[in-house]
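Colleague: Protein chains in written order, with the numbering used here: chain A, 1 to 313; chain B, 1 to 313.
These are computed hints drawn from the structure, not numbers from a lab. Glycine residues also receive a C-beta, built at the ideal position from the N, C-alpha and C atoms. One or more of the hints may lead you astray.
Claimed, not checked - Below, a list of computed lysine-lysine pairs in the PhoX-like style, where the Cα atoms sit at most 25 Å apart:
id, chain 1, residue 1, chain 2, residue 2
1, B, Lys-75, A, Lys-208
2, A, Lys-18, A, Lys-7
3, B, Lys-75, B, Lys-95
4, A, Lys-238, A, Lys-193
5, B, Lys-208, B, Lys-39
6, B, Lys-208, A, Lys-238
7, B, Lys-238, A, Lys-238
8, B, Lys-121, B, Lys-2
9, A, Lys-193, A, Lys-75
Stated by the list, open to error - Computed from the model, here is a short list of chain A residues facing chain B with C-beta under 10 Å:
id, residue
10, Tyr-25
11, Val-126
12, Gly-130
13, Ala-234
14, Gly-256
2 protein chains.
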Amino acid sequence: MKTLYWKDNHLFIRDQTKLPAEVTYFECETYQDVIHTIKTLMVRGAPAIGVAAAFGMALAELAGEDLEKVAEEIKAARPTAVNLFWAVDRVLDAKSKGKSALDEALLMFDEDIQTNKTLGKYGAQVVEDGDTILTHCNAGALACVDYGTALGVIRAAVEEGKNISVVCDETRPVCQGARLSVFEMQEEGIPVKLIVDSAAGRLMQEGKIDKVIVGADRVARGGAANKIGSLMVALAAKRFNVPFYVAAPKSTFDEGISIYDVEIEERDPDEVLYFGDCRVAPEGTEVENPAFDIIPSDLITGIITEDGILDPI
Amino acid sequence: MKTLYWKDNHLFIRDQTKLPAEVTYFECETYQDVIHTIKTLMVRGAPAIGVAAAFGMALAELAGEDLEKVAEEIKAARPTAVNLFWAVDRVLDAKSKGKSALDEALLMFDEDIQTNKTLGKYGAQVVEDGDTILTHCNAGALACVDYGTALGVIRAAVEEGKNISVVCDETRPVCQGARLSVFEMQEEGIPVKLIVDSAAGRLMQEGKIDKVIVGADRVARGGAANKIGSLMVALAAKRFNVPFYVAAPKSTFDEGISIYDVEIEERDPDEVLYFGDCRVAPEGTEVENPAFDIIPSDLITGIITEDGILDPI
Numbered sequence: 001m002k003t004l005y006w007k008d009n010h011l012f013i014r015d016q017t018k019l020p021a022e023v024t025y026f027e028c029e030t031y032q033d034v035i036h037t038i039k040t041l042m043v044r045g046a047p048a049i050g051v052a053a054a055f056g057m058a059l060a061e062l063a064g065e066d067l068e069k070v071a072e073e074i075k076a077a078r079p080t081a082v083n084l085f086w087a088v089d090r091v092l093d094a095k096s097k098g099k100s101a102l103d104e105a106l107l108m109f110d111e112d113i114q115t116n117k118t119l120g121k122y123g124a125q126v127v128e129d130g131d132t133i134l135t136h137c138n139a140g141a142l143a144c145v146d147y148g149t150a151l152g153v154i155r156a157a158v159e160e161g162k163n164i165s166v167v168c169d170e171t172r173p174v175c176q177g178a179r180l181s182v183f184e185m186q187e188e189g190i191p192v193k194l195i196v197d198s199a200a201g202r203l204m205q206e207g208k209i210d211k212v213i214v215g216a217d218r219v220a221r222g223g224a225a226n227k228i229g230s231l232m233v234a235l236a237a238k239r240f241n242v243p244f245y246v247a248a249p250k251s252t253f254d255e256g257i258s259i260y261d262v263e264i265e266e267r268d269p270d271e272v273l274y275f276g277d278c279r280v281a282p283e284g285t286e287v288e289n290p291a292f293d294i295i296p297s298d299l300i301t302g303i304i305t306e307d308g309i310l311d312p313i
Numbered sequence: 001m002k003t004l005y006w007k008d009n010h011l012f013i014r015d016q017t018k019l020p021a022e023v024t025y026f027e028c029e030t031y032q033d034v035i036h037t038i039k040t041l042m043v044r045g046a047p048a049i050g051v052a053a054a055f056g057m058a059l060a061e062l063a064g065e066d067l068e069k070v071a072e073e074i075k076a077a078r079p080t081a082v083n084l085f086w087a088v089d090r091v092l093d094a095k096s097k098g099k100s101a102l103d104e105a106l107l108m109f110d111e112d113i114q115t116n117k118t119l120g121k122y123g124a125q126v127v128e129d130g131d132t133i134l135t136h137c138n139a140g141a142l143a144c145v146d147y148g149t150a151l152g153v154i155r156a157a158v159e160e161g162k163n164i165s166v167v168c169d170e171t172r173p174v175c176q177g178a179r180l181s182v183f184e185m186q187e188e189g190i191p192v193k194l195i196v197d198s199a200a201g202r203l204m205q206e207g208k209i210d211k212v213i214v215g216a217d218r219v220a221r222g223g224a225a226n227k228i229g230s231l232m233v234a235l236a237a238k239r240f241n242v243p244f245y246v247a248a249p250k251s252t253f254d255e256g257i258s259i260y261d262v263e264i265e266e267r268d269p270d271e272v273l274y275f276g277d278c279r280v281a282p283e284g285t286e287v288e289n290p291a292f293d294i295i296p297s298d299l300i301t302g303i304i305t306e307d308g309i310l311d312p313i
């Protein structure tokens with residue numbers, strides 16, 4: 001089961017807001033539907049929203065829309081992951097060279113899986129038999145078309161015959177760790193434990209974590225942007241000498257800017273105030289809800305890409 | 001409204017598992033009732049469970065129980081906060097000197113409030129007008145008989161006329177920050193914002209936090225034990241040069257042992273798997289749920305006590 005697929009000139013997106021309780025696909029008939037799925041986190045994860053955006057361009061092409069204008073609308077869906085901008089620009093570039101948006105999107109769909117498998121093989125080189133690996137959020141198959149980046153590295157290590165255990169941070173507020181990463185590891189039969197985000201330091205202090213591997217929404221000069229909480233995990237890893245890897249395809253790299261100039265999305269307070277339908281805090285509670293962290297380069301051991309393991313830029 | 005009070009030879013405990021939605025008091029008629037309220041977190045916070053335990057001894061005394069035996073049972077309710085052991089031993093000692101358990105419990109009840117007010121005044125000396133203070137979990141009135149330790153410092157600073165804003169970590173899994181600390185600050189009219197635990201690092205990186213003040217369940221050689229998540233907050237504070245204070249009465253000190261020898265309570269996986277009635281993770285998910293962190297001394301700027309601000313031991 002893929003995160004998204006193209007069929008009968010529509011894009012089908014696995015609705016991640018309902019996982020793991022329900023497995024359903026949302027049918028996008030228009031590029032506006034695609035924007036809706038990105039904004040509401042039905043599809044999330046930097047590589048996946050890149051490919052979804054490319055198919056959004058394909059839907060706009062089929063509808064005879066002005067692709068330059070549509071490109072700007074799609075790019076405005078979420079601000080932090082650079083893959084969204086990269087994908088839309090790549091489709092525009094392909095169009096300018098006479099290719100169809102749909103052909104380019106389909107190519108990117110195939111490339112995503114291949115990229116992750118290559119990245120996974122490189123990453124598996126740093127994973128040792130018997131390792132317990134902590135991950136934060138979901139940089140898995142569900143964050144990509146398939147296979148995953150951080151979880152792709154774990155899959156590749158397991159495919160090589162290594163015994164790996166995984167610890168997933170639950171990843172408040174949206175709980176991609178508890179809902180998605182745990183689910184993916186269970187489906188693979190890889191031993192997995194769930195912890196609250198704030199327990200990661202304790203487990204590292206106790207020597208229970210051998211490596212940390214997370215994804216990224218952007219890699220730029222000075223570090224990487226990734227899900228809120230990644231910074232505190234990286235600080236704990238540094239303190240307790242646990243190698244901290246970022247797994248990200250080159251499409252996540254944005255070498256032209258400083259990581260501190262990346263716009264960090266501030267999301268709806270209700271994500272924090274509610275948990276499913278359960279209200280947590282009193283009425284009238286003010287919330288600050290930044291969706292991403294900036295991880296400075298000195299906390300990153302290496303960046304696992306499809307071109308090998310690179311130093312932070 | 002106090003966290004607990006003694007009336008008609010029964011102990012009434014404000015049920016914190018239902019806050020902020022419902023304000024109800026649980027009536028303890030026996031010492032076993034008191035143990036139940038401590039185990040289920042109806043009453044929590046090191047100073048509060050100490051005083052509750054003392055009243056548990058008073059209930060046992062009134063029932064003609066063997067107090068030495070009851071002392072052991074009460075001490076087994078929770079393992080990490082030393083105040084529980086301290087309070088029970090103090091009542092036994094008072095008994096051996098001919099005092100009644102009830103008189104000693106009533107004295108400890110009064111002392112708790114006075115201790116916190118003195119501690120608060122010392123702590124207020126390090127708080128500056130305009131400060132934004134981050135706190136984790138609830139070291140407030142609800143963690144004590146009244147007034148609070150970490151939140152007592154904030155109350156004292158506000159009473160001195162300083163303008164203070166507070167940021168509360170939600171404090172998964174039980175959400176004492178979202179449910180209790182936010183509630184207390186709102187009741188006092190002190191500006192307060194709620195964040196997920198993992199966002200504390202980001203706010204410090206952005207320069208939005210001037211000080212961190214948390215409570216403690218035990219202070220011992222080499223550091224302090226406090227709610228899970230405190231370690232990662234302390235690491236972020238160190239990185240971004242934010243002073244990190246522990247506010248704790250001397251009854252929390254256990255100078256005879258190393259902090260690394262303190263038993264860290266492992267609590268029910270369901271605290272992590274559910275949020276109210278909402279299930280978070282898939283069926284069959286394994287959980288590790290340590291309730292406390294150990295904060296090494298080098299991360300602690302000072303320990304605010306009723307005897308002044310002390311260096312970590």
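Colleague: Next, verify each hint and record whether it holds.
Modeller: Evaluated hints:
1. B/Lys-75 x A/Lys-208: Given pair B/Lys-75, A/Lys-208 is violated - Cα atoms ~29 Å apart, limit 25 Å.
2. A/Lys-18 x A/Lys-7: Between A/Lys-18 and A/Lys-7 the Cα gap is close to 22 Å, so the pair holds against 25 Å.
3. B/Lys-75 x B/Lys-95: The hint holds at about 17 Å.
4. A/Lys-238 x A/Lys-193: 22 Å, holds
5. B/Lys-208 x B/Lys-39: 36 Å, violated
6. B/Lys-208 x A/Lys-238: Cα-Cα ~23 Å, so holds.
7. B/Lys-238 x A/Lys-238: The given pair, whose Cα atoms are some 12 Å apart, holds under the 25 Å limit.
8. B/Lys-121 x B/Lys-2: 20 Å, holds
9. A/Lys-193 x A/Lys-75: The hint is violated at about 36 Å.
10. Tyr-25: Where the cut-off is 10 Å and the nearest Cβ of chain B is about 19 Å from A/Tyr-25, the hint is violated.
11. Val-126: 24 Å, violated
12. Gly-130: 18 Å, violated
13. Ala-234: 9 Å, holds
14. Gly-256: 22 Å, violated
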